[in-house]
Amino acid sequence: MGNVLIIDDDPGFTSLLESYIHEICPLLKIEICNNPLAALALIRKGNNELILIDLEMPALDGMKIYKYATESGVQKGKIVILSAREPNYLREFFPMGSCLAVLNKFEAKQKEVLGMILKSVQSKLCTISPG
Numbered sequence: 019m020g021n022v023l024i025i026d027d028d029p030g031f032t033s034l035l036e037s038y039i040h041e042i043c044p045l046l047k048i049e050i051c052n053n054p055l056a057a058l059a060l061i062r063k064g065n066n067e068l069i070l071i072d073l074e075m076p077a078l079d080g081m082k083i084y085k086y087a088t089e090s091g092v093q094k095g096k097i098v099i100l101s102a103r104e105p106n107y108l109r110e111f112f113p114m115g116s117c118l119a120v121l122n123k124f125e126a127k128q129k130e131v132l133g134m135i136l137k138s139v140q141s142k143l144c145t146i147s148p149g
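Note that our numbering has the sequence shown beginning at 19, numbered continuously upward.
Just so you know, the hints here were simulated from the structure itself, not pulled from any lab data.
As the structure is a prediction and not an experimental result, all values here were calculated from the model.
Yeah, the Cβ is synthetic: ideal placement off N, Cα and C, and Gly gets one too.
Hints may be right or wrong, so weigh each one.
[Said to hold, decoys possible] With a straight-line Cα cutoff of 25 Å, these simulated DSS-like cross-link-like pairs (lysine-lysine) come out: (1) K142 <-> K47; (2) K63 <-> K82; (3) K63 <-> K142; (4) K96 <-> K129; (5) K94 <-> K137; (6) K127 <-> K94.
[Unchecked claim] Label-pair distances were calculated between CB atoms; the ranges are: (7) E49 <-> G133: 15 to 23 Å; (8) M114 <-> K82: 19 to 27 Å; (9) K137 <-> S33: 16 to 24 Å.
Using the sequences provided together with the hints, build the complete structure.
What follows is the structure in structure tokens.
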């Protein structure tokens, strides 16, 4: 079973996101961390197929968590940045190739993109043959 780590300080949002993921990708295991500092230990475990990181968080923002994750060996293609910011602002900090995707967490079309990413992760896990 693939693990998806959601790092976001908004429990209401993470609850909705968890329900959405369970609905479209029931084989994925969801781990939620509403405390950005505690997320560092979960990243260090290194068993995540995908990490969703909110950019705007207190104490430790998503940019610092992103840098920590990549410096800890997490592949950039396993990181999705979630934000409410405008696309032009986000492109400045996350140019093409710096992560799998940068999505606006409140736009319906972006939710569809996230759904495609999650389904792709689940599909890859189902096609991996054991041993």
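Against the structure, the hints:
Note on K142 and K47: the hinted pairing holds, with a Cα-Cα distance of about 14 Å set against a maximum of 25 Å. A C-alpha spacing of about 18 Å is found between K63 and K82, which places the hinted pair at or below 25 Å, so the restraint holds. Distance restraint check for K63 and K142: the Cα-Cα separation of roughly 21 Å lies within the 25 Å cut-off, and the hinted pair is therefore satisfied. For the given pair, K96 sits about 17 Å from K129 by alpha-carbon distance, which is consistent with the 25 Å threshold.
A threshold of 25 Å between alpha carbons decides the hint, and for K94 with K137 the separation of about 18 Å falls inside it, so the pair holds. Taken as a hint, the K127 and K94 pair is honoured in the structure, with Cα atoms around 22 Å apart against an allowance of 25 Å. At about 19 Å, the beta-carbon gap between E49 and G133 stays in the expected band of 15 to 23 Å. Roughly 21 Å separates the CB atoms of M114 and K82, a value that falls within the hinted 19 to 27 Å.
Checked against the hint of 16 to 24 Å, the pair K137 and S33 passes, with Cβ atoms roughly 21 Å apart.
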